[in-house]
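So you can see what is in the structure, the chains are spelled out below.
There are 2 protein chains.
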Amino acid sequence: MFAVKGTFFDTPSPDALRMREGYLVVDNGRIRCFCETLPLELRCIEVLDYTGKMIVPGMSDLHLHASQYRYTGTAMDVALIDWLSNYAYPEEARYADPDYAARLYGAFTQDLLHTSTTRSCIFATIHTDATLILQDLLEQSGMVAYVGKLNIDRNSPDYYREASPEAGMAETIRWILTSRSRGYQYALPMITPRFTPSVTDEYMRRLGEAAAEYGLPMQSHISENTDEIAWVKALCPDTSYYYETYSRYGLFGGTTPTVMAHCIYSSPEECRVMKEQNVFIAHCPTSNENVIAGIAPAAMYLREGYHVGLGSDIAGGHTLNLFAVMAAAVQMSKLRWKFLSSDYAPLSIIEAFYMATVGGGRFFGKVGLFEPGYEFDAAVLNEPVNHSVIDLRPEERLEIYAYRGDGKAEAKFVSGRKIL
Amino acid sequence: MFAVKGTFFDTPSPDALRMREGYLVVDNGRIRCFCETLPLELRCIEVLDYTGKMIVPGMSDLHLHASQYRYTGTAMDVALIDWLSNYAYPEEARYADPDYAARLYGAFTQDLLHTSTTRSCIFATIHTDATLILQDLLEQSGMVAYVGKLNIDRNSPDYYREASPEAGMAETIRWILTSRSRGYQYALPMITPRFTPSVTDEYMRRLGEAAAEYGLPMQSHISENTDEIAWVKALCPDTSYYYETYSRYGLFGGTTPTVMAHCIYSSPEECRVMKEQNVFIAHCPTSNENVIAGIAPAAMYLREGYHVGLGSDIAGGHTLNLFAVMAAAVQMSKLRWKFLSSDYAPLSIIEAFYMATVGGGRFFGKVGLFEPGYEFDAAVLNEPVNHSVIDLRPEERLEIYAYRGDGKAEAKFVSGRKIL
Numbered sequence: 031m032f033a034v035k036g037t038f039f040d041t042p043s044p045d046a047l048r049m050r051e052g053y054l055v056v057d058n059g060r061i062r063c064f065c066e067t068l069p070l071e072l073r074c075i076e077v078l079d080y081t082g083k084m085i086v087p088g089m090s091d092l093h094l095h096a097s098q099y100r101y102t103g104t105a106m107d108v109a110l111i112d113w114l115s116n117y118a119y120p121e122e123a124r125y126a127d128p129d130y131a132a133r134l135y136g137a138f139t140q141d142l143l144h145t146s147t148t149r150s151c152i153f154a155t156i157h158t159d160a161t162l163i164l165q166d167l168l169e170q171s172g173m174v175a176y177v178g179k180l181n182i183d184r185n186s187p188d189y190y191r192e193a194s195p196e197a198g199m200a201e202t203i204r205w206i207l208t209s210r211s212r213g214y215q216y217a218l219p220m221i222t223p224r225f226t227p228s229v230t231d232e233y234m235r236r237l238g239e240a241a242a243e244y245g246l247p248m249q250s251h252i253s254e255n256t257d258e259i260a261w262v263k264a265l266c267p268d269t270s271y272y273y274e275t276y277s278r279y280g281l282f283g284g285t286t287p288t289v290m291a292h293c294i295y296s297s298p299e300e301c302r303v304m305k306e307q308n309v310f311i312a313h314c315p316t317s318n319e320n321v322i323a324g325i326a327p328a329a330m331y332l333r334e335g336y337h338v339g340l341g342s343d344i345a346g347g348h349t350l351n352l353f354a355v356m357a358a359a360v361q362m363s364k365l366r367w368k369f370l371s372s373d374y375a376p377l378s379i380i381e382a383f384y385m386a387t388v389g390g391g392r393f394f395g396k397v398g399l400f401e402p403g404y405e406f407d408a409a410v411l412n413e414p415v416n417h418s419v420i421d422l423r424p425e426e427r428l429e430i431y432a433y434r435g436d437g438k439a440e441a442k443f444v445s446g447r448k449i450l
Numbered sequence: 031m032f033a034v035k036g037t038f039f040d041t042p043s044p045d046a047l048r049m050r051e052g053y054l055v056v057d058n059g060r061i062r063c064f065c066e067t068l069p070l071e072l073r074c075i076e077v078l079d080y081t082g083k084m085i086v087p088g089m090s091d092l093h094l095h096a097s098q099y100r101y102t103g104t105a106m107d108v109a110l111i112d113w114l115s116n117y118a119y120p121e122e123a124r125y126a127d128p129d130y131a132a133r134l135y136g137a138f139t140q141d142l143l144h145t146s147t148t149r150s151c152i153f154a155t156i157h158t159d160a161t162l163i164l165q166d167l168l169e170q171s172g173m174v175a176y177v178g179k180l181n182i183d184r185n186s187p188d189y190y191r192e193a194s195p196e197a198g199m200a201e202t203i204r205w206i207l208t209s210r211s212r213g214y215q216y217a218l219p220m221i222t223p224r225f226t227p228s229v230t231d232e233y234m235r236r237l238g239e240a241a242a243e244y245g246l247p248m249q250s251h252i253s254e255n256t257d258e259i260a261w262v263k264a265l266c267p268d269t270s271y272y273y274e275t276y277s278r279y280g281l282f283g284g285t286t287p288t289v290m291a292h293c294i295y296s297s298p299e300e301c302r303v304m305k306e307q308n309v310f311i312a313h314c315p316t317s318n319e320n321v322i323a324g325i326a327p328a329a330m331y332l333r334e335g336y337h338v339g340l341g342s343d344i345a346g347g348h349t350l351n352l353f354a355v356m357a358a359a360v361q362m363s364k365l366r367w368k369f370l371s372s373d374y375a376p377l378s379i380i381e382a383f384y385m386a387t388v389g390g391g392r393f394f395g396k397v398g399l400f401e402p403g404y405e406f407d408a409a410v411l412n413e414p415v416n417h418s419v420i421d422l423r424p425e426e427r428l429e430i431y432a433y434r435g436d437g438k439a440e441a442k443f444v445s446g447r448k449i450l
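Going down the list, the sequences are from chains E and W.
When we follow the numbering used here, the leftmost residue of the first sequence carries the number 31, and every step to the right adds one.
When we follow the numbering used here, the leftmost residue of the second sequence carries the number 31, and every step to the right adds one.
Derived from the structure by calculation, the hints contain no laboratory data.
Each hint should be verified, as a subset may be incorrect.
Identical copies look the same in the list; a pair holds intra-copy or inter-copy alike.
Below are the EDC-like pairs computed for lysine to aspartate or glutamate, each with C-alpha atoms no more than 20 Å apart in a straight line [what the hints assert, rightly or not]:
{"#": "1", "residue 1": "368", "residue 2": "231"}
{"#": "2", "residue 1": "448", "residue 2": "159"}
{"#": "3", "residue 1": "396", "residue 2": "51"}
{"#": "4", "residue 1": "368", "residue 2": "257"}
{"#": "5", "residue 1": "305", "residue 2": "334"}
{"#": "6", "residue 1": "396", "residue 2": "129"}
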């Protein structure tokens, strides 16, 4: 048992920011209580003193491509087709080399460690060994992550495609079993068909069986742009909606916890099933502003009770800093409201903070709030302004950090473990 | 005479990034030559060694409100009318207090000093004494700036408006003469009517006379949103175009060097006159994404030969970091292209860099390039990635800095003077 002292920010509901100064008592990885002063019976426990510092719940990054880390923040002014053929595919193919994987995933893991993110859902590449290297690195870091070896057996260059569903499944099973035998506690496997255009029906069917057999969650992309939706319809003529290409194989929520990235153009029927099946939506606003496929209706998702969190979506997104992603969520929702659809008022920064903490955290259990019983995930931050010169209200402290903070945690906790 | 050693990035033309490793020789504030190795006759001069560091031309910020610095990065989710009445006006009114001005302008100047910006065009407030305090602080910093005491005699709250054109002119003349008597070399006065809705015709007329009499440049806002344009038309029924409310008093380029912020909805006729009169356009993309009045046709302005630079426009913009503004310029041009008008392909990061350096620098003379004869304005930067792990091409180094760099200069030069 120990206590952390500081200024705690969290969101008990999507429209309510709470700021409390005092002590959070942590017992066996979970929050026991908050108190303004430590009661007598707790005076002997260790206190980690961050007086005056902003402390936020550890954030959950629901969608990112670790294998695109090298060029994150570049290639932002090339068209999508060039981006895929000149950047994404050649770069991901380099992870066939374990040395390259160790070097780049090492840099990625270190950089992620220094953000406010404590949990994430990660796309790796088709390479089993490189994916296991990433899991080793994440496991050592102490962060919690679901990691996906990708499945791709169509519609990518020959040099970056699995030969057949059989060959792909053999590697996928080897990867799952090796993950088990290594006894990972934090870096767990997640079934990851890249997206329907990359995966034949037969391969998708087998992935659904594997998810059920091994009790694994799944992640993929859906309805990011209109051309993609038409393409999926042509590839799978026996489906009426994009989501069916996943759901018919048990890969769309329900008993298989699912994260779907983007959901920009999901039809009402797709939305209905997402909600009913508790599919988590990874809203990726920095990707929206860079890839310009569209702007997801994130305010609608949040206010209508969908499960929605944020994703950095590197390298479509340009930063791992989820505070910057929060700011982009507000900006993109304003642009959507102004230019595309005025159905829902723009997101507030408090709602964006809720998505980054509670919204995504829920995928990992009781994560994202400073409430008794929740896992103690937290990041201690250095604010970008001097409070002796500049007076700010609590919501202004949060907002200014989102827009101007460096996103670098001074200290970080996951399930009560201090990992930074 | 001295030399600076490092890796120099600049843009001899809007579509060409140049990266050179070697020495830049500086003589009497101006660049004498670039050389890969120092020739024999220069071996004895002092060398400031930044080997391996990225060095960029000092950037020019053509539009910012220093008096809104306190809340920069906040109030991003309130509507414009609330933003003005609850943030901008009350905050600017606080600068009636010289102690407040000294404290806040001090923080602003320090923060600006640590960016890559060496020159700027700044809006202060209506208060003469506070504006002079800002000029004192800027002058001491060594940065070059045009600073404007604002002129406002209508359409703002009673507590933040000048009583009459006569009263406003008396203060304006006192401010100009005091600026002269203090002998500022770097922090120079610039006539600054807030914008037409804030300034009566009579006051505007007198400001035009003052600009001519004292040989001062001017800055203001124009055509930021459609409601504003309609309002100006109603306020000045004897004009056909917004620009005429400035030009008829000699405040729109020509012999009065002029910067106009925004130019989002400038009509073809307004554009024609801007170009003909060499009016500089301050493109403010972060403001575009926050205030969502619209997205300026910056790619058109640049490619059609207008004078166009970047403005941080704090606090409509959320950061003084012009690299972040460059990234936003690319993002906003992509969103404009996708959703509003496909007339001009989106800006490249190189074009955005050109606007931040050469485009805005031209307002200050030969500034913004590492060419012989140009003033030596430069910022030395720490890149966000480790080049021993991550291999990048020159344009990727620039782009990754724009999207992921912290924008903090390690060293900075203005006209050959090392000020940081």
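Results for each hint:
In this homomeric assembly, residue 368 and residue 231 never come within 20 Å of each other (Cα to Cα): the closest approach is 40 Å inside a single copy and 33 Å across copies. Within a single copy, residue 448 and residue 159 get their C-alpha atoms no closer than 29 Å, and across copies no closer than 51 Å, so neither meets the 20 Å cut-off. In this homomeric assembly, residue 396 and residue 51 never come within 20 Å of each other (Cα to Cα): the closest approach is 22 Å inside a single copy and 53 Å across copies. For the identical chains of this complex, residue 368 and residue 257 are inter-copy neighbours only, at 14 Å across copies versus 24 Å inside a copy, given an alpha-carbon limit of 20 Å.
In this assembly of identical chains, the alpha carbons of residue 305 and residue 334 lie at most 20 Å apart only when taken from the same copy (9 Å versus 49 Å across copies). In this assembly of identical chains, residue 396 and residue 129 lie within 20 Å of each other by CA distance neither inside one copy nor across copies; the values are 37 Å within and 48 Å between.
Against the hints set out earlier in the document, violations occur for numbers 1, 2, 3, 6.
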